[in-house]
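S.K.: One letter stands for each residue in the lines below.
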Amino acid sequence: MTTYIIGRIVAVVPVLLGVSLLVSSMIFFLPGDPAQLMLTEMGGAAAGRVTPEQYENLRRELGLDEPFVVHYAKFLGKALQGDLGRSYQSRRSVLDAILEHLPSTIQLTFAGLGLAIVIGVVLGVVAALRPNSIGDNLSMFFALAGVSLPEFWLALMLIFFFSFSLGWFPATGQGGIERLVLPAFALGLRAAATIARLTRASMLEIMNQDYITTARAKGLAGRVVVTRHALKNALIPVVTIVGLQFGNLMAGAVIIETVFARQGVGRLAVDAIRMKDFPMVQGTVLFAATAYVLTNLIVDISYAWLDPRIRFGRSG
Amino acid sequence: MSTVEIALPEQRRVKTEGTVWRTLRRLLRHRGAVIGASMILIVALGAILAPVVAPYAPDEMGVGPSLAPPSLAHLMGTDTFGRDIFSRILHGASLSLQVGVIAVAISAGAGIVLGLVGGYYGGWIDGILMRIIDILLAFPGILLALAIVSVLGISLTNLMIAVGIGGVPSFARLVRGSTLTVKENLYVTVARSVGAGDGLIIFRHILPNVASPIIVYATLRIAFAIIATSSLSYLGLGAKPPTPEWGVMLSDGREFMRVAPWVTTFPGLAILVSVMGINLLGDGLRDALDPRLRV
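First to last, the protein sequences are chains Y and D. In this text, residue positions in the first sequence follow this note's numbering: the first is 1, and each later residue adds one. In this text, residue positions in the second sequence follow this note's numbering: the first is 1001, and each later residue adds one.
Errors might be hidden in some of the hints.
[What the hints assert, rightly or not] Sample of chain Y residues lacking proximity to chain D, with all beta carbon distances greater than 12 Å (derived):
{"#": "1", "residue": "F68"}
{"#": "2", "residue": "K74"}
{"#": "3", "residue": "E100"}
{"#": "4", "residue": "L144"}
{"#": "5", "residue": "S165"}
{"#": "6", "residue": "R197"}
{"#": "7", "residue": "Y211"}
{"#": "8", "residue": "I236"}
{"#": "9", "residue": "F278"}
{"#": "10", "residue": "S302"}
[To be verified] Restraint-style ranges between C-beta atoms, simulated for each label pair:
{"#": "11", "chain 1": "Y", "residue 1": "L99", "chain 2": "D", "residue 2": "K1240", "range": "26 to 34 Å"}
{"#": "12", "chain 1": "D", "residue 1": "G1123", "chain 2": "Y", "residue 2": "L64", "range": "33 to 41 Å"}
{"#": "13", "chain 1": "Y", "residue 1": "T51", "chain 2": "D", "residue 2": "P1069", "range": "52 to 60 Å"}
{"#": "14", "chain 1": "Y", "residue 1": "T51", "chain 2": "D", "residue 2": "P1213", "range": "27 to 35 Å"}
{"#": "15", "chain 1": "Y", "residue 1": "I236", "chain 2": "D", "residue 2": "L1186", "range": "33 to 41 Å"}
{"#": "16", "chain 1": "D", "residue 1": "D1290", "chain 2": "Y", "residue 2": "P131", "range": "15 to 23 Å"}
{"#": "17", "chain 1": "Y", "residue 1": "T213", "chain 2": "D", "residue 2": "D1290", "range": "53 to 61 Å"}
[Said to hold, decoys possible] Derived list of chain Y stretches under chain D, where covered just means 3 residues or more per stretch with a C-beta under 8 Å from a C-beta of chain D:
{"#": "18", "stretch": "27-36"}
{"#": "19", "stretch": "153-164"}
Hints were generated in silico from the structure; no laboratory data involved. Computed from a prediction, not measured in an experiment: that's the story for all the values here. We put the CB at the ideal spot given by N, CA and C, even for glycine.
Generate coordinates for the entire structure from the input sequences, incorporating the hints supplied.
M.R.: And the structure:
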């Protein structure tokens, strides 16, 4: 078990190094001169107010005056110390800005994931218990709609019906559970649909196993068989995709936060791309990818902990 | 020697035709696939016939009153500039379908080559390719596309390329996995023993046998690409107004949702119909091409 965990942690290191390498090189792939581009975006170059000193200062700040190897080494060294540079728009520390916007994104992502797991598992089980029944068909239609609905449009429609027409929830902003319900639902529906399909498939397979027949034969109530014997095992593959879904939700938050005007990291990234604020873009992208890799690491380790075949078996 | 060379391709051709017809027959019996294909057909016909069928030019302002509700004159109403929404949706259809197909062609083209090469050759080539793919997969969902757009600059073409590149790692991984299984088959060993080169083996013997999962995944991926590009266009990171792109139309209509909900309803429905049709067809293809995957 310990060897397994250490192995997983060691495997993550090159991935994170690769991610930081890609992110730090982004600025070198830009067509044209990034410093010039940023100054133009600020309106300075157009007005002819850019001095050569300003230009040189920005190039130095972005690390463009050095060879790439030096640039990357400095980038990595600073990032490891929590220094992601300064936003070129607000002159704020990128990390401070991210940390300030983070709670809102975490709240939204977890609320979306929670909703997705509850809705997905319930629908999947309902569908699997009576294959081809009305319940199955309805659940699977819901799942199909869930993967086919664009999140941002679903979000707009939710705002229209539940905020404008019914007045049940506020349309935008954050703070309080009433401002979390609609965004969490809009964000979580796609994941719910995926989880529902997987739960159904996994349940159907398990319900045909011998030990389920045995449990039935010895006279256990259907409910006990389903919850104790079947569901527990059926959920193992579901757990494995939770990490993946977490990443999708984090990326989806980029869209949902903008639609609901929430101050999250996703919105920070979108605004930064529009403003050509590269240090902020790099910081948010690096932060999100690192968070995703580390979350998957945790999911992997906890999965190993849950699965006795890995816990007691061969390591690695 | 010559008899072997002639016999192999002939056998293969017969088998391929059989597979195609069997798949088509199964698809026609698959209720979901037929419904999905019909939905796609409607959208595609709308896209192709847009110049003929659309009552107005997509960018023409003031063809009706501003924000007029749906009526016989304007089937889906008009937007704030008095443009006919129905005409704009028809013209947007070809845009969305093209963007979806081209983005997936980029993902599949690069992904298939990388996956085949990695899976077939193994060793250090595979090792390096897979490490790179692991790194790219560390950017979840649309985040990779988002990062690429920030580098390339904001336009619909760049967004399409970004979504295409964003899909390369998952394609490569899928193809590599299938290649690893297929290359162990006897016919690959036989082909190699009669002196077939790597290129011939990869493209004539392995590729056709890993095609099924690629076709299914590519289909489902088009649906994702359409959603991703319209979402990012909605955020202002893709197509720009006045392009009749569905995401842009939704973003235009957002302000007026309270008074003119049709402006935001119909473009969304158009995305939903296209994407749902593609998803239904993709599920049907999976059932038809590989019955073992059926649950």
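S.K.: Now, for every hint given, state plainly whether the structure supports it.
M.R.: These are the hints, each one checked on the structure:
| no. | hint | in the structure |
| --- | --- | --- |
| 1 | F68 | holds (15 Å) |
| 2 | K74 | holds (20 Å) |
| 3 | E100 | holds (20 Å) |
| 4 | L144 | violated (6 Å) |
| 5 | S165 | violated (9 Å) |
| 6 | R197 | violated (9 Å) |
| 7 | Y211 | holds (20 Å) |
| 8 | I236 | holds (16 Å) |
| 9 | F278 | violated (8 Å) |
| 10 | S302 | holds (19 Å) |
| 11 | Y:L99 - D:K1240: 26 to 34 Å | holds (33 Å) |
| 12 | D:G1123 - Y:L64: 33 to 41 Å | holds (38 Å) |
| 13 | Y:T51 - D:P1069: 52 to 60 Å | holds (56 Å) |
| 14 | Y:T51 - D:P1213: 27 to 35 Å | violated (58 Å) |
| 15 | Y:I236 - D:L1186: 33 to 41 Å | holds (35 Å) |
| 16 | D:D1290 - Y:P131: 15 to 23 Å | holds (20 Å) |
| 17 | Y:T213 - D:D1290: 53 to 61 Å | violated (28 Å) |
| 18 | 27-36 | holds (count 3) |
| 19 | 153-164 | holds (count 6) |
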